[in-house]
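Q: Given only the sequences and the hints, what does the whole structure look like? Please build it.
As they're listed, the protein sequences go chains W and H. Heads up, the first sequence is in the numbering used here, so the first residue is 1 and it goes up one at a time. Heads up, the second sequence is in the numbering used here, so the first residue is 1 and it goes up one at a time.
One or more hints might be untrue.
[Stated by the list, open to error] Only some residues are given here: those of chain W computed to face chain H with a beta carbon under 8 Å:
(1) Gly-10
(2) Val-45
(3) His-82
Source of the hints: derived by calculation from the structure; they are not laboratory data. Even for Gly, the Cβ is constructed at its ideal location relative to N, Cα and C.
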Amino acid sequence: MNATSTLAPGLPDAVHDSQQAFRAALDALARPGQVRHIGPALSGVALGGALARLLLSLCDDETPVWWPAATAADLPQWLRFHTGAPVAQRPDAASFAVLTDLAQLPTLTDFAPGSAASPEMSGTLLIELPALAGGPGLEWRGPGIAQVQRVGLPGLPEGFWAQWQANHAAFPQGVDILFTCGDAALGLPRTTRVRRLEGL
Amino acid sequence: MNRPGTSAAYLDIRMTNKPSSEHASSDPAARQAWLAVLARASLAQLQAQAPAADTLPPVQQVRPPEIGMVMLRGRVGGAGNPFNLGEASVVRCAVRLGQGPLGVAYALGRDKRRAELAALFDALLQDPQHHDTLQRELIAPLAQSQAQARAQTQHAVASSKVEFFTFVRGEA
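A: Structure, rendered in structure tokens:
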């Protein structure tokens, strides 16, 4: 049995669903830390609804996607069938990275930070979390945040926020992150300053 | 982003890599042949053979019919340097019958139903249960009439063929 026999459908309404997901991603990155609803899970796709919909909306044949080594072959094939997105062999060659296993999270410097001349050539990380609230307390400040945004993201490995500090300091270079959980997503652009409230 | 209807769509029909058995219904070359016939068939020809919906397992549209464009390329003199001739609209579709094989179709034009039916027939043709009947009753007659039409056109234009000669001048 070949993999095409398990190929899942894409977005139910390709035009409107991808426009909605794109708008929500734009909003999430413009208002860091605010949760945005993307959409319900897609049948036959072993990814959260937000993650699957963002991939289908953002990827095309010019955006290599990096998948963790443990990913089943049908997911990259599904994305390639619907969007043409190739598989990136190395994290720093990827425009988007799908990170679902928090225990095996690569470091942020593994991904392309873009160059000073074209910082938009950086990678965007899509990280699936067990929840978008209830983790160790964080205070986010920066563009898109009026005063301060309280965020608590559970499940991230130790040292992640130290890596983020370096990522933020490298502005205008650096990666952007969209945290997803089920149907919802939350943005963390490279411009956001993060302060930990506890447990340094 | 996948934008049906704008820019040039990429044509990436990938044939299923390896035939899982010796059966003709899973041979890539045979599949290419019937896909070519289906791509050239008219809607009326396909509709005439369309099986009744209640005799089929549920049809899942893995990729609903969508219209895009492909760049047509030509070669100078038929064998020279490639050039872009122009863009053509194309409609493509992928369906699956129940848990069976995936049927795909690409067809020139904007007729979604035509691509849908062609994809359905591709899925059925990969199914050993329907392969022989369809091959005999749909593909073979269509292939024959398409070959005839092609031969007729070739015959009709052959009389207008012009041969160019360059004569070498005597003093050279």
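Q: If a hint holds in the structure, say so; if it doesn't, say that too.
A: We went through each hint and held it up to the structure:
Against a cut-off of 8 Å between C-beta atoms, the interface hint on W/Gly-10 holds, since the closest Cβ of chain H lies about 7 Å away. About 12 Å separates the beta-carbon of W/Val-45 from the nearest beta-carbon of chain H, more than 8 Å, and the hint is not met. A cut of 8 Å between beta carbons decides the hint on W/His-82: the least distance to chain H is about 7 Å, and the hint holds.
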